[in-house]
Amino acid sequence: MPVLLATDVLVWLLVLSVAAFAWYSRRRAHLAAPWARVFRSRTAVASAVVLACYILVGLLDSLHYRPALAARDAGAPVAYSVEARSLLDLGLAPLRERFEKTYSAPLATRLYQREQVELPDGRTARDFPRLRHGGAHLGAEADWGEDVALRALAGLVAAFALWSVVLLCARRTLVRRWPNVPWGAAAAALGAILALAGPVAMLAGGFHVLGTNQVGQDVLYQALKSIRTSLVIGTVTTLVLLPLGIVAGIAAGYFRGWVDDVIQYLYTTLNSIPGVLLIAAFVLMLQVFLDNHGDWFPTTAQRADMRLLGLCAILGLTSWTGLARLLRGEALKLSELEYIQAAHAFGVSHARILARHILPNVAHIVIISLVLDFSALVLAEAVLSYVGVGVDPSTTSFGTMINAARLEMAREPMVWWSLAAAFVFMFALVLAANLFADAVRDGFDPRVRV
Amino acid sequence: MLGYILRRTLYAIPILVGINLLTFALFFLVNTPDDMARMQLGMKRVTPEAIAKWKAERGYDRPLLWNAPAAGMKKFTDTIFFDKSVKLFALDFGRAEDNRDIFNEIRTRMGPSLALAVPVFLVGLMVNITFALGVAFFRATYLDFWGVILCVAMMSISSLFFIIGGQYLISKLWHLVPISGYVGGVDAAKFLVLPVLIGVIGAFGSSTRFYRTLFLEEMGKDYVRTARAKGLAESVVMFRHVLKNALIPILTGVVVVIPTLFLGSLITESFFGIPGLGSYTIDAIQAQDFAVVRSMVFIGSVLYIVGLLLTDISYTLVDPRVRLA
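Protein sequence lines correspond, in order, to chains A and B.
Just so you know, the numbering used here puts 355 at position 355 of the first sequence, and the rest follows in order with no gaps.
When you read off a place in the second sequence, starting at 1, and then add 1000, the result is the number in the numbering used here.
These are calculated hints, taken from the structure and not from any lab test.
Here a beta-carbon is modelled for each residue, glycine too, at the ideal position from N, C-alpha and C.
Wrong hints could be hidden among the right ones.
[To be verified] Only some residues are given here: those of chain A computed to face chain B with a beta carbon under 7 Å: (1) ASN292; (2) TRP296; (3) ALA382.
Please build the complete structure, drawing on both the sequences and the hints.
Pasting the structure below:
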């Protein structure tokens, strides 16, 4: 039975609107040209490939359903599990289901803690017990090195094969269609990702590639699940931020007078409250609200999802001021220009001037600030989750992973893999987003046009 | 000048009132005091008597805005709004959940916060400007290219990783400084070295890149070309002309944060166990101590508005082109 989580709907809505916008601007030179400039940069193309991989994982994780429970007797109505799963969970079922007892190091075959184990001759001793799943297929542990090497090699070969196929297909279609794009960078980025993903996928069949956490959950699975949370925070927030920022900013700059005064007052007030404190105050109230209305949500996933959505709304509510200020300045400047004055003289209505003349001319600011905001929001999520005003503790996110890792660092011997996994996945995402944002800014900003 | 400052100060009053109303709405209208009581006391098996007692202890048992049965001025003053929101203006913050006076707590915690935030601010400013100037000097070379890459890479690392990594490397592995904690006086230095270092590193990427853009923008201007055409050495152009003029946007940009240094840095303080206002706020958020959060929101806003005022004044001091209207 499919489940519609609120954030899923919004994510897919965003995908649709981005696709619609792409279709719309395809045949309009003034909209397509900046994007063509963006995709002439090698770093932009490479980081776009990385981002696309993240988005693919995030989208797969945004199609939820409730699996049917096995019917106890034939003819009984089908009952559904209370747990919402996503398509990604389906694909990663082995990772999700193979729990260990507690911590185990990456690729380990034994637990990270000593336990009472029974020796073959009946005596008991304290030793590191074998894992239930990690390396369970190995007959003798001495085969470990050989098995890991073989799996990694097989993964590399498979990745190379896949890469060649993709390259051959792309040469026929994409390269011919857009010859100006530096496809070499895209191929290199894709190759690098596949070279990492191939061995990891192969090894994940028999081991916990990134180890397990305190409750024995696979860290790789957690990291992959965190991607969706990051993407949702980085994108859904803009759904709240955009309308507020655009309407307030343009109205203030275009109408001036008391409208300007009111809007300026609003955003100075909001801006004066230190960001984290304002968000914390909002989230605390959201928490009280959700706790008092727990009966509104049939499953915990839906409740956690509402918290995520609330966090996005709060982040949007508290961060539209920057965009509004930029747009106000631009609208002030634009409304003085001759063509707008001419439109006034012709008796064109305000609504039409705003839609036809002002809005298209500030679109580049909107796009630039959207892309720049994304990485800031992803980073903010981690900090907020640490402070305790981030996502629901049951939602996997980079913030909750880092938060848990804090205690693990103090352990002796140290548990480093959760933190390392969160670091690598987050760093790649934010770095790609930052590099892409830079290219977008260079492509769209009329001042840097050469 | 005095008239200008006075006018700007008066302008701040409606903003403070707005903040006050916003926080009041957030803390008392979105959820009723009953909701808060239920949350604090635990959701299950909470009796109405316990809620009433909780509310009475904290003065939440009064009407929100208008106390009709009371007499005279009491109609207005004997309400939650007056007691919890209006009194903030008189710096009367009330008591925290542990029954300590919030104002006293803030006063004692200001010192450690400043001891951390001021060095981070000064050292960071110096390091970032120096590095940005160097990168701008070597613009369009490999040094510039890799400098920018370094900045972007450092921007992409969450500050949490810098803190955890620094604590692990320097305190746990090399045992150079204690992992966390704080003492007053001169001994504080050994506890502060690492947080200051991490604070500087954490902000390095974005500020350096921003300053570099400012420098480059300034270097494209006509007077720089004139200076070069006069035959001035590049270093003279950089230090005497570009640096001076680029400092205007940099200085006015940082003035706004100076008053907020009092607030300390939330994350660093709580990681390193420094008993400043930042860790106070975090503890309050995690313990859901609404009174403390409300007070910190108010103080933070006041300090930010002071910062805005200082920014406007500093504009007129460093840039003779700006005249006060």
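- Query: Tell me, which hint numbers fail for this structure?
  - Reply: 2
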